[in-house]
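First to last, the sequence lines map onto chains P and Z.
At position 61 of the first sequence (counting the first as 1) the number is 66 in the working numbering, and the numbers step up by one without a gap.
At position 269 of the second sequence (counting the first as 1) the number is 288 in the working numbering, and the numbers step up by one without a gap.
Note that these hints are calculated values from the structure, not bench results.
Note that CB positions come from ideal geometry on N, CA and C, so glycine has one too.
Honestly, I wouldn't trust all of these hints.
[Said to hold, decoys possible] Once the Cα atoms are required to be at most 27 Å apart in a straight line, the calculated DSS-like pairs of lysine-lysine come out as:
1) P/323 - P/295
2) P/212 - P/37
3) P/201 - P/295
4) Z/310 - P/37
5) Z/71 - P/34
6) P/201 - Z/310
7) P/54 - P/24
[As the list claims (entries may be wrong)] A few chain Z residues that don't get close to chain P, going by computed Cβ distances all over 10 Å:
8) 55
9) 66
10) 130
11) 146
12) 284
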Amino acid sequence: MSSEREFRIPVGPQHPALKEPAGFSLALKGEKILGAEIRLGYNHRGIEKGCEGRSYIQALYLVERICGICSHSHATLFAQTVEEIAGIEVPARAKYLRVIVAELERIHSHLLWLGVAGHEIGFDTLLMYTWRDREVVMDLLAEISGNRVNYGMNTIGGVRRDISPELAGRILAGIEVIEERTKYYLEVAAEEETLKDRLVGVGVVPKDAAEELGAVGPTARASGIACDIRRDDPYAAYAELSFEVVTDDHCDVYGRTVVRIKEILESCRIIRQAVKELPDGPIAVRAPRKIPAGEAVGRYEAPRGELLHYIRADGSEKPDRVKVRTPTLANIQAVRYMLRDRFLADMPIVVAAIDPCFSCTDRKVELQEGKRRRVLRWEEVRLAGVQWYLRRGVDFGPLGKKLAQKIDG
Amino acid sequence: MVEQLLFVLVFPGLIFLSAMGLAAEFVDRKLYARFQNRIGPPWFQPLADFIKLLGKEVVIPDEAHPVLFRMAPVIAVASAVAALFPIPLWQQRALIQFPGDLIVVLYLLTLPTFMFFVGGWSSCSLFAKIGSVRTMTQLFAFEIPLYLTTLTAAILAGSWSLSDIAAFYASRPGLFAVNLPGFLVALVTLMGKLERVPFDIPEAETEIVAGAFTEYSGRWLAVFHLAIDIEMVVGAALLSAVFLPFGLGVGAAGGFLVFVAKVFFIVFLLSVARSIVARLRLDQMIAFCWKIMAPVAGLQLLINLAVKGLFLK
Numbered sequence: 006m007s008s009e010r011e012f013r014i015p016v017g018p019q020h021p022a023l024k025e026p027a028g029f030s031l032a033l034k035g036e037k038i039l040g041a042e043i044r045l046g047y048n049h050r051g052i053e054k055g056c057e058g059r060s061y062i063q064a065l066y067l068v069e070r071i072c073g074i075c076s077h078s079h080a081t082l083f084a085q086t087v088e089e090i091a092g093i094e095v096p097a098r099a100k101y102l103r104v105i106v107a108e109l110e111r112i113h114s115h116l117l118w119l120g121v122a123g124h125e126i127g128f129d130t131l132l133m134y135t136w137r138d139r140e141v142v143m144d145l146l147a148e149i150s151g152n153r154v155n156y157g158m159n160t161i162g163g164v165r166r167d168i169s170p171e172l173a174g175r176i177l178a179g180i181e182v183i184e185e186r187t188k189y190y191l192e193v194a195a196e197e198e199t200l201k202d203r204l205v206g207v208g209v210v211p212k213d214a215a216e217e218l219g220a221v222g223p224t225a226r227a228s229g230i231a232c233d234i235r236r237d238d239p240y241a242a243y244a245e246l247s248f249e250v251v252t253d254d255h256c257d258v259y260g261r262t263v264v265r266i267k268e269i270l271e272s273c274r275i276i277r278q279a280v281k282e283l284p285d286g287p288i289a290v291r292a293p294r295k296i297p298a299g300e301a302v303g304r305y306e307a308p309r310g311e312l313l314h315y316i317r318a319d320g321s322e323k324p325d326r327v328k329v330r331t332p333t334l335a336n337i338q339a340v341r342y343m344l345r346d347r348f349l350a351d352m353p354i355v356v357a358a359i360d361p362c363f364s365c366t367d368r369k370v371e372l373q374e375g376k377r378r379r380v381l382r383w384e385e386v387r388l389a390g391v392q393w394y395l396r397r398g399v400d401f402g403p404l405g406k407k408l409a410q411k412i413d414g
Numbered sequence: 020m021v022e023q024l025l026f027v028l029v030f031p032g033l034i035f036l037s038a039m040g041l042a043a044e045f046v047d048r049k050l051y052a053r054f055q056n057r058i059g060p061p062w063f064q065p066l067a068d069f070i071k072l073l074g075k076e077v078v079i080p081d082e083a084h085p086v087l088f089r090m091a092p093v094i095a096v097a098s099a100v101a102a103l104f105p106i107p108l109w110q111q112r113a114l115i116q117f118p119g120d121l122i123v124v125l126y127l128l129t130l131p132t133f134m135f136f137v138g139g140w141s142s143c144s145l146f147a148k149i150g151s152v153r154t155m156t157q158l159f160a161f162e163i164p165l166y167l168t169t170l171t172a173a174i175l176a177g178s179w180s181l182s183d184i185a186a187f188y189a190s191r192p193g194l195f196a197v198n199l200p201g202f203l204v205a206l207v208t209l210m211g212k213l214e215r216v217p218f219d220i221p222e223a224e225t226e227i228v229a230g231a232f233t234e235y236s237g238r239w240l241a242v243f244h245l246a247i248d249i250e251m252v253v254g255a256a257l258l259s260a261v262f263l264p265f266g267l268g269v270g271a272a273g274g275f276l277v278f279v280a281k282v283f284f285i286v287f288l289l290s291v292a293r294s295i296v297a298r299l300r301l302d303q304m305i306a307f308c309w310k311i312m313a314p315v316a317g318l319q320l321l322i323n324l325a326v327k328g329l330f331l332k
């Protein structure tokens, strides 16, 4: 190759491969990646902080907006964690309804991922096909909840909408279509040569490395680690449903693809069981406005992996502290490992293979010396954001000054 | 003089070729969309895109070489148009013919690819430079099999003039079957020349934005796009002249329709190919061209020598 000189190439914060801003700085030698630096933090929105100023029910809708794809995961986990602190027992029907929406969401998320993966390796036909089939799930979700994203199904103490027998029939019919199409994709993944050329042996993380790097979700399962919160620490109605934890021993991007496609089939099984065994009864119990003091950590198997919520209640109607650990944060460490000694052409698919969601992950971290601790006010968080962008050449004009005045006065 | 100017500028030169190129782009985009279960663009979309780009602001990087940056797209179009004249389109005689014009056509068809490199390299942007290097690396992979197969067909005809080759095959249409493996190789390498999936490595948008075209905007980008469209038509015309020797003697109007049909048939094959595969990596592409395409082309050479020696004395 003509240029064997080392050079750095920026991928992001704005780049066609990325669906949201994140910075990758790749050290290249020819087409080979020598090392990668990852910079996150372009999407910080201060949602954790925002929850502290809102009542529990308002915060529920705010956390639902952490992620546009796994919105139900955040809302369900938040509700479950608050219910645990308050000692609320959710009716069985509500638990099943949560499972149905959660699994539909997993199907839509995985199909979306499959399309994005196809696009990253220049296989746009796969993108168009999967996104067409994804519409079936989106329509079902819209019928169940009224929304294609941010379903607003949950409330503290249960769910807000019920499923009629006719709708249940339509869900089963839709699942049939999805199952048939997914089997076709499994066939495509097994037989299409160019697809395998681009995926097999790319972004390898062996089992021990995946454990060490703390990978979760499909990324970990594709490396042969059988971890799944739905089975390991069952919530909602998962303890009563039978399903398998899909694993694969390819340890590469191909393995992650196969795991996700097979998980869609498992989700179809779960939905079918849940719809058939849907118990009768109320869909919600009344929850108090003030949640008693206490704290809890909730775990949830989001489409991207293990999701953590920590909530501390102080007996008032607003949470004292909300902390969210999204699966992307756990998986992003593995990306650096995967990129080492790969080609530049593999970078988009390797990053996409963990199904990253950067805006969900971005946090503000303030490193302090000594033991001085303080709680940031809402304006201070916003000012920190304004200054962060100012250092990178984005000027929000008088907004920064206004915030500074507000903090002082 | 006036007649020759008309040939070069209007028919079958620049204006006709541009119209044909835009039509080919439309057919390609529409088919690609239909294969993907989309509706696809209306028939005037390529023209609308072209006009829209002409009206857009031109931004040229300060570091870019001012002359090279502007000349690269123009030379690309000019050489693609010039490559058409020695190709017999709907008669057995081309507009221009001389011994060895096949080599000239192949050379002129290499120039646009080289101009992608020059344009990208002279724009001094990181992504454009990586794209340019990839363009050149790829060039060395697909050019050899392409030359080999077209020259192999010429060996069988016993002439390196495209008009003679067309006349030879038109009188013996059965020999088309002998060249079939070569036709497939030429089709695949044409995909590389036009930088289409699975060989769109130099402009892989998810890796290096738009490759060599990253810094191009406005009318210069429009001219580059036009160059690719024209190259697609001329490449298809070359392939149909050498490998699809049908319908050359059916009069001007009939011959013209057959020519258009042949070009769109090749565009159709290209569209099918790009909708069923993923983009290869550069190393895989080079391995594919050298380990599969080049040996097949070599095999074609042996077959043609044998056919020539045994049957065409």
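Do the hints match the structure? See the list:
1. P/323 - P/295: Measuring from Cα to Cα gives roughly 8 Å; hence the hint holds.
2. P/212 - P/37: holds, 24 Å
3. P/201 - P/295: violated, 55 Å
4. Z/310 - P/37: holds, 22 Å
5. Z/71 - P/34: violated, 38 Å
6. P/201 - Z/310: The given pair, whose Cα atoms are some 19 Å apart, holds under the 27 Å limit.
7. P/54 - P/24: holds, 25 Å
8. 55: Label violated. Min Cβ-Cβ 4 Å, cutoff 10 Å.
9. 66: holds, 23 Å
10. 130: It holds; residue 130 of chain Z is separated from chain P by about 20 Å at its closest Cβ, greater than 10 Å.
11. 146: At roughly 8 Å from the nearest Cβ of chain P, residue 146 of chain Z sits no farther out than 10 Å, so the non-interface label is violated.
12. 284: holds, 21 Å
Of the numbered hints listed earlier, those contradicted by the structure are 3, 5, 8, 11.
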